[in-house]
Amino acid sequence: MSIFPEMVLFWVFAIGTIGAGAGVVFTRNPVASAMSLVATFFFLSGIYVLLWAHTIAALQVLVYAGAIMVLFLFVIMLLSLTDHGPVLSFTPSRIAGGAAVVALFAALTAVFRKLPVTEPTWAMDAAKLKNFGTIQHLGEVMYTQWLFPFEAVSLLLLVAILGAVVVAKPRI
Amino acid sequence: MIETVSTTHYLILAAALFCLGMLGVLIRRNALVVFMCIELMLNAANLTFLAFARERGDDIGHLSAFFIIAVAAAEASVGLAIVISVFRARGTVNIEEIQSMKH
Numbered sequence: 001m002s003i004f005p006e007m008v009l010f011w012v013f014a015i016g017t018i019g020a021g022a023g024v025v026f027t028r029n030p031v032a033s034a035m036s037l038v039a040t041f042f043f044l045s046g047i048y049v050l051l052w053a054h055t056i057a058a059l060q061v062l063v064y065a066g067a068i069m070v071l072f073l074f075v076i077m078l079l080s081l082t083d084h085g086p087v088l089s090f091t092p093s094r095i096a097g098g099a100a101v102v103a104l105f106a107a108l109t110a111v112f113r114k115l116p117v118t119e120p121t122w123a124m125d126a127a128k129l130k131n132f133g134t135i136q137h138l139g140e141v142m143y144t145q146w147l148f149p150f151e152a153v154s155l156l157l158l159v160a161i162l163g164a165v166v167v168a169k170p171r172i
Numbered sequence: 173m174i175e176t177v178s179t180t181h182y183l184i185l186a187a188a189l190f191c192l193g194m195l196g197v198l199i200r201r202n203a204l205v206v207f208m209c210i211e212l213m214l215n216a217a218n219l220t221f222l223a224f225a226r227e228r229g230d231d232i233g234h235l236s237a238f239f240i241i242a243v244a245a246a247e248a249s250v251g252l253a254i255v256i257s258v259f260r261a262r263g264t265v266n267i268e269e270i271q272s273m274k275h
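In the order they appear, the protein sequences are chains A and B. In terms of the working numbering, the first sequence is residues 1 to 172. In terms of the working numbering, the second sequence is residues 173 to 275.
Chain B extracted, bound-state conformation (with noise of 0.2 Å):
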């Protein structure tokens, strides 16, 4: 028998790095960490895909790896771009200055 790292553990350690990256998304207030952040959970959802395909044998896990970390490139690229405007209209990237959509 092949002696691994239960797959119990992988899903605990990605369980643990999406509730911090959570975290960060509740309790930060400058945009651009809170996007770091997100980065964080969208890794969290790759590692428990890649545990699985682990246990299973099947590598197609690897593959909506692959396809998370293009859209996360994607969201990034959105996201940072519409960071940069709202910097220029309001001058603050502080999430509880801007505001004005939320009545």
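Chain A extracted, bound-state conformation (with noise of 0.2 Å):
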């Protein structure tokens, strides 16, 4: 295996990824979980970037890293939560939890490690390697052919605005 700079940043991006992702899982504090949340979410937003996906690595960090968290914060601000006993207490639900998700990592391993691969041989055509990913590009293929869902996810977005107002409301 070669060394060039794509790798080096592949490894970068994907040792913070994964040593971030653990922080989520188990830290006790939930105030240092979201922390680390958003630091996962910066490094998967690196991530995009080295996979030639740059509008969404942007939108990763505005939408993610900038409104969902500080949803999440602002309730963890607003429930004052504190720490729920240890984490790593070993109960048997637990530990065939923990068996069942080495077991599922491993199937996983083994089916991609078996897929054909394809370099991205198309890359060699300057102009389709120069439209793709791009916001102009995006936004013509959303706003043709993909406007159903658009339009769909907009309504879901505006149910999910009221129904959190119901939800979250005491009295209406």
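Treat the hints as calculated values from the structure; they're not laboratory data. From the three backbone atoms N, C-alpha and C, an ideal C-beta is built for every residue, glycine too. Just so you know, not all the hints are guaranteed correct.
[Stated by the list, open to error] Chain A regions said to be covered by chain B (calculated; three or more residues, Cβ under 8 Å):
{"no.": "1", "region": "55-63"}
{"no.": "2", "region": "136-143"}
[To be verified] Reference listing, derived: stretches of chain B covered by chain A, where coverage requires no fewer than 3 residues with Cβ under 8 Å from a Cβ of chain A:
{"no.": "3", "region": "182-193"}
{"no.": "4", "region": "205-213"}
{"no.": "5", "region": "231-240"}
{"no.": "6", "region": "249-260"}
[Unchecked claim] Ranges between beta-carbon positions, derived for each pair:
{"no.": "7", "chain 1": "B", "residue 1": "GLN271", "chain 2": "A", "residue 2": "LYS130", "range": "20 to 30 Å"}
{"no.": "8", "chain 1": "B", "residue 1": "ASP230", "chain 2": "A", "residue 2": "PHE74", "range": "53 to 63 Å"}
{"no.": "9", "chain 1": "B", "residue 1": "MET273", "chain 2": "A", "residue 2": "GLY163", "range": "13 to 23 Å"}
{"no.": "10", "chain 1": "A", "residue 1": "SER154", "chain 2": "B", "residue 2": "GLY229", "range": "25 to 35 Å"}
{"no.": "11", "chain 1": "A", "residue 1": "ALA107", "chain 2": "B", "residue 2": "ILE232", "range": "26 to 36 Å"}
If you follow the hints, you should be able to join the two separate chains into one complex; please do so.
Right under this line is the structure:
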């Protein structure tokens, strides 16, 4: 395996993603979990840039690390949660859960290793590469071919806003 | 030939992230942390979409990731509203103490 800059960046971001993700799962304090999740999103957006998905990387930072995490932090602070005992007490259900997760990871890894590796040879086509994943191209596709899903998602967001207000308000 | 990281690397990273999120859902008891772990799993799905989008040179996968982000935002807002409402009724967000619908 040769070492080239993209590989180095991939490993930096991948180790950061997994490390920060482990922080979400294994820290006791919910605020620390939320901060680890923000770090995970930033590392992941780096990974997305390596995948030539610059638009989605920007959205990841704006929507996830910005909006959704602020919502999480608001709720954590609002409920002023304290720690809930030790994280790692080994009850039978947790041991079973851990075993299931390890088995799933082993199975997924085995399957992914068997997938035929096709290099992105289409990227030799400079015009196609220039268009790939740009806001302009994504917007063109979204507002023509994918217009109905787009409108459906906007309706879903509207319903979610109303639902959140109705559920969280003590009296309407 | 362009030198790139293979799709398999990204897929295995996504699998690891998904399993980490699943582990959190299974072992954590704080409902808010469980929600955060669900976000991790959704991000793993996004990563898979983007990896295959690059391999195939088809950026429809980017749109799928965009829609997943929007649905995740909707899910987070409704879920957190439910958490607040449950906390108001029960005084706790520990999912092992909220079990009156279990039997």
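Here's how the hints hold up against the structure:
no.: 1; hint: 55-63; in the structure: holds (count 5)
no.: 2; hint: 136-143; in the structure: holds (count 4)
no.: 3; hint: 182-193; in the structure: holds (count 11)
no.: 4; hint: 205-213; in the structure: holds (count 6)
no.: 5; hint: 231-240; in the structure: holds (count 7)
no.: 6; hint: 249-260; in the structure: holds (count 10)
no.: 7; hint: B:GLN271 <-> A:LYS130: 20 to 30 Å; in the structure: violated, 56 Å
no.: 8; hint: B:ASP230 <-> A:PHE74: 53 to 63 Å; in the structure: violated, 38 Å
no.: 9; hint: B:MET273 <-> A:GLY163: 13 to 23 Å; in the structure: holds, 19 Å
no.: 10; hint: A:SER154 <-> B:GLY229: 25 to 35 Å; in the structure: holds, 29 Å
no.: 11; hint: A:ALA107 <-> B:ILE232: 26 to 36 Å; in the structure: holds, 27 Å
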